[in-house]
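For the protein sequence lines, the chains are A and B, in the order given. Numbered per our numbering, the first sequence spans residues 3 to 379. Numbered per our numbering, the second sequence spans residues 971 to 1039.
Among the hints, a few may not be true.
Stated by the list, open to error - The calculated lysine-lysine pairs, modelled on DSBU-like cross-linking and capped at a C-alpha distance of 30 Å, are:
{"#": "1", "chain 1": "A", "residue 1": "K376", "chain 2": "A", "residue 2": "K355"}
{"#": "2", "chain 1": "A", "residue 1": "K164", "chain 2": "B", "residue 2": "K1005"}
{"#": "3", "chain 1": "A", "residue 1": "K293", "chain 2": "B", "residue 2": "K1005"}
{"#": "4", "chain 1": "B", "residue 1": "K1018", "chain 2": "A", "residue 2": "K157"}
{"#": "5", "chain 1": "B", "residue 1": "K1029", "chain 2": "A", "residue 2": "K164"}
{"#": "6", "chain 1": "A", "residue 1": "K46", "chain 2": "A", "residue 2": "K131"}
{"#": "7", "chain 1": "B", "residue 1": "K1029", "chain 2": "A", "residue 2": "K275"}
{"#": "8", "chain 1": "A", "residue 1": "K46", "chain 2": "A", "residue 2": "K62"}
{"#": "9", "chain 1": "A", "residue 1": "K164", "chain 2": "B", "residue 2": "K980"}
{"#": "10", "chain 1": "B", "residue 1": "K1031", "chain 2": "A", "residue 2": "K275"}
{"#": "11", "chain 1": "B", "residue 1": "K980", "chain 2": "B", "residue 2": "K1004"}
{"#": "12", "chain 1": "B", "residue 1": "K1005", "chain 2": "A", "residue 2": "K275"}
{"#": "13", "chain 1": "A", "residue 1": "K55", "chain 2": "A", "residue 2": "K157"}
{"#": "14", "chain 1": "A", "residue 1": "K157", "chain 2": "B", "residue 2": "K1031"}
{"#": "15", "chain 1": "A", "residue 1": "K164", "chain 2": "B", "residue 2": "K1031"}
{"#": "16", "chain 1": "A", "residue 1": "K131", "chain 2": "A", "residue 2": "K111"}
{"#": "17", "chain 1": "B", "residue 1": "K1004", "chain 2": "A", "residue 2": "K293"}
{"#": "18", "chain 1": "B", "residue 1": "K1004", "chain 2": "A", "residue 2": "K62"}
{"#": "19", "chain 1": "A", "residue 1": "K157", "chain 2": "B", "residue 2": "K980"}
{"#": "20", "chain 1": "A", "residue 1": "K46", "chain 2": "B", "residue 2": "K980"}
{"#": "21", "chain 1": "B", "residue 1": "K1029", "chain 2": "A", "residue 2": "K131"}
{"#": "22", "chain 1": "B", "residue 1": "K993", "chain 2": "B", "residue 2": "K980"}
{"#": "23", "chain 1": "B", "residue 1": "K1005", "chain 2": "B", "residue 2": "K1018"}
{"#": "24", "chain 1": "A", "residue 1": "K275", "chain 2": "B", "residue 2": "K1018"}
{"#": "25", "chain 1": "B", "residue 1": "K1029", "chain 2": "A", "residue 2": "K293"}
{"#": "26", "chain 1": "B", "residue 1": "K1005", "chain 2": "A", "residue 2": "K157"}
{"#": "27", "chain 1": "A", "residue 1": "K157", "chain 2": "A", "residue 2": "K119"}
{"#": "28", "chain 1": "B", "residue 1": "K993", "chain 2": "A", "residue 2": "K131"}
{"#": "29", "chain 1": "B", "residue 1": "K980", "chain 2": "B", "residue 2": "K1005"}
{"#": "30", "chain 1": "B", "residue 1": "K1018", "chain 2": "A", "residue 2": "K164"}
Said to hold, decoys possible - Some chain A residues close to chain B (C-beta under 8 Å, calculated; not the full set):
{"#": "31", "residue": "E167"}
{"#": "32", "residue": "I168"}
{"#": "33", "residue": "I169"}
{"#": "34", "residue": "D172"}
{"#": "35", "residue": "A187"}
{"#": "36", "residue": "Q190"}
{"#": "37", "residue": "D266"}
{"#": "38", "residue": "R267"}
{"#": "39", "residue": "R279"}
Calculated from the structure, these hints are not laboratory results. All residues carry an ideal CB built from backbone N, CA and C; glycine is no exception.
Spelled out, the chains give:
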Amino acid sequence: MANQPIDDTVLAVSDFVALLNQTLEYAYPSVVVQGELANFRISKNRWVYFDLKDELASVKCFGTVYQLPGPLEDGMLLQVRAQPRLHPLYGFSLNLLSIRPAGEGAIRKAAALLEAKLAAEGLFDEERKRYLPYPPARIGLVTSGESAAYADFIKILNARWKGLEIIHVDVRVQGEVAPGQIVAAIEQLNGLAEPPDVLVVTRGGGSAEDLQAFSTEQVTRAVAASRVPTLVAIGHEVDVSLAELAADRRASTPSNAAEMLVPDRQSVLAGLKSFERYLSEEIGNILEAGKRSRREQQSELQQTVEWFFDSQRGDLSAKAQLLEVLSPQAVLKRGYAIVRTKTGTVRAARELKIDNNIQIIFGDGGVNAVVTGKRSR
Amino acid sequence: MARQQADYQKMSDELETILTELKQGDLGVDEAMKKYERGLELIAALEKYLNDAENQVTKLKAQFSKEEP
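Work out the full structure: start from the sequences and follow the hints.
Right, dumping it as structure tokens:
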């Protein structure tokens, strides 16, 4: 197409525009341009227009609000990836593919603006923070698989706790594709049929530019929107990324994240040992108390039994005595005698007549006798 | 693995309960003895878990296109 002779050909304006755009597309599928932001405006909440300029030149840029890394201000240094295009009516522009602040100053400025905006929306509010399960069983991990962050995190986890399931989504943690991948990974883990108990997003330290992905609006919102509780650890001592502010908890480094997530099994093992001692002491006390009370119960029972038998014995001997006293035999022993006839015991002298046969019963036996005479008293 | 961890949590909770019950001291001796033995079992199982269980890393295939910039 570039070789096509065009000198003599008469082109309609729209054909020329189409031809030029084809040529641009062929020559520059996309370009990365860095410059200062000017005349920034948003139309209908959807379209973004601005100029990118330096001391000598200025180009128009066009995109959508979805490509914005966050709020922008004129004067900020931006790096855009874009397709150069000639619009049939409005002329030349860079059609934006992505926008990011460039240089420490612009990055800080952009982060400050975004932070203010998201803070106003309540994304960083303390009352949004949830507790992380401790220890979690399943951990969703979003980081680069080749990074030291990954290695450190896994190493510390392995040293501290056992039986964990770590579900890792390998993402780029810096560069243009990083925010999109991190967001996709967070959403993917949230969307699992069995989502993890906690989601860890981490990377090691780096320059403000390296860490930019974690302060983008999309990543920050994805962290805030995660249904699974989040722990974000972006290893940088000085600045806190916005994703960390939006997270339920933040840790200073990947290792620190692992330490925060699970207890140290050595101290738990020591705790179990002391539990064991405590348990033994406790059961010892209970058994001792049991023994004491059984001894008490036993002696109480014995006393009761003895008392019962004592009282029974007393009662019995009293009754026996009474029986004894009441027994006619006893009376006879005292020297009395019983007089009987064939019809029964004789209770009065008048029941007898002369020549009646009687039986006289003494304590030691009886005699037969005949009434020979009667006397009145 | 997750199940193991869930079991760990359950055992740990049960041990906690047993300790509390024993501490309150209103169990009969037989009951207390049973709890004690169960407590020792739990401790042994928890120790075994902390010594023998393994961590497992699953790589989840990312659902985004890996377009290079």
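Which numbered hints are broken by the structure, listed smallest first?
-> Hints 6, 7, 10, 13, 18, 20, 25, 26, 27, 28, 37, 39 are the ones this structure does not satisfy, whereas the remaining hints hold.
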